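> Here's the letter readout for the chains.
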Amino acid sequence: MSANPTGPAPLRGENITLSYEKRQIAENLSLEIADGSFTAIIGPNACGKSTLLRALTGLLSPVAGQVILEGKDIASLAPRQIAQRLGLLPQTATAPEGITVAELVARGRYVHQRLLRQWSSEDRKAVDEALRLTNATDLADRRVEHLSGGQRQRVWIAMVLAQETPLILLDEPTTYLDIAHQMDVLDLLHELNMAGRTIVAVLHDLNHAARYASHIIAMRAGEVIAAGAPSEVITGPIVSQVFGLDTEVMADPVTGNPMVIPHDRRVRTST
Amino acid sequence: MSLQTNKNRAAPPTGTVLVIGSETTNILIDKRSGLVALAVCAVALTLVVLALLWGDFPIAVREVIDVVLGGGEGLVRTVVLEWRLPRALAALLFGAALAVSGALFQTITRNPLASPDIMGLANGSYTGMILALIFLGGSWSTLVAGSLIGGIAAAAVIYILALRDGLQGFRFIIVGIGVSAILASVNTWLLLRVELEVALFASAWGAGTLNTITAATLVPAGLAIAVLFCLLPMVLAPLRQMSLGDDAAASTGAAIKPARLAAIAIAIGLVSAVTSVAGPISFIALSAPQIARRLARSTEIPLLATGATGGVLLLASDLIAQHVIPLSLPVGVVTVVFGGVYLVLLLIREARRTM
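Top to bottom, those sequences are chains A and B. If you number the first sequence the way numbering that gives the first Met the number 0 does, the last residue is 270 and the count never jumps. If you number the second sequence the way numbering that gives the first Met the number 0 does, the last residue is 354 and the count never jumps.
Keep in mind the hints are simulated off the structure, nothing from the lab. On a predicted model such as this, the values are computed, not experimentally measured, just so you know. Where hints are given, some of them may not hold.
Claimed, not checked - Okay, the calculated bits of chain A under chain B, using three or more residues with CB under 8 Å as the criterion:
id	region
1	71-81
2	91-98
3	109-115
For each residue, glycine too, the CB sits at the ideal point set by N, CA and C.
Given these sequences and hints, build the entire structure.
Rendered as structure tokens:
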């Protein structure tokens, strides 16, 4: 499905402990993002997925342990150095009022710009390429607030693409989209992955993770319960352990990857 | 030649933006914001000419031109160069400084109601000034030092009280308004306790006035403001990026924490420099950034246009204070009235939008 993982892990967490103020979110957590992988992070609400993403991108400093980006402790890197290697689409991103698509995508070029070099041909090329890849060239002059949810998400992804980083992390990129637009975004991420970028996405839908990801990291209450290929992680026992939900796991008739059918309470009580 | 380089140079991100400079050294300017800034500067220049002509001592346009060219009679020179010009320049510069300070506060807090006057810095400066007047006597330098220290101390108190949530958000503003109210009552209490003469002097300063401006008081404050303005370009790009949200800004490479601290420090410096010389002048910082933003119809607060707007507002207010009203009022009284009208209009607009 995905580009073959090559080389050492460009991004990994080593025994990291994460907390907000005094509340501990995760303790002694270790994980690896394989080079060239499409890694999906799954887990129940409030299990620490977004917090982990913030730590992996250097936005949140671990209380203990290290995040290693291309062999270096991320805490020792300046924001600009980090931004040359990885891009993040957080859930909290907001479009300034009245901004056009092209302007928003151009904001992704920040790390390549200087005080007295605010715009260059490379910037122009990167923005055009990002718009082309996300099929948003026709939207360039539209205002972001006038777009549909699906278009808006493509434009945000274009902004991260314009940053031109080998690693891209996305926090729930498909949430709030209808099913057609969810597939649209996942297909786009798959294409980017095939073109050589390493993709890390927090996903809610297990079937999407199983179908698109080359690697899955399953979390519960700040712990990594399982990590590996979809066939290793998406199994009845692991899904039950992670979500506390009984499921049937069978082969997806379209791709042969695992597919999860949840039991509801009526099934559980009758069996 | 310029046509050729234009062809080779990258097209700007959108048609509303202009790339000024070469491929390797350039800046981006929003066309409409730039035009608005130029237009407001033209208004400012007209007001300066008006300020030089207008007054009890009649001076003709030709005489002003003579003085500017280095000629003119002794008395006319004195009136134009020593009385009217410093005051007009002070109004422009102080107005610009207050407006830019307000723009920084509003950008950092993402709230159009944030401004240094509403958040207690001006009242803090006033407290410092009264204390200096009571305990150290009334020399200019002690008053300036007192109000500077007062403003910075008020900012420090607000910062410590609001620290838990950082400098962004509502808590910072609410704490500021609270500190401002406390300081206002402290100031009233102090004025009630001192001798009448001292209280009268302090009250005049406390309303915000340009009556006492001379070249000697303008130069140090003007230099401080100029230096602070020169530091602005360093924080502009990260502040602009922060409108995407803190996480998005940081992950595109913006060092948002240092930028935010530097911007706050510059904003406090600007408002302190003005207040230490002219007293607390309210509402310019609050209104000028929003007026400029509406004029420029821009996504962010346009800083050049904001500075120009602030200058025009303060100079116009000072002309009204000096000449339109029969008594010569402190300019702060005029800006308060103007600010009240601005707030009412803002509220009507908001009410219409929600209805």
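> Of the hints given before, which are not true for this structure?
Per hint list: zero violations.
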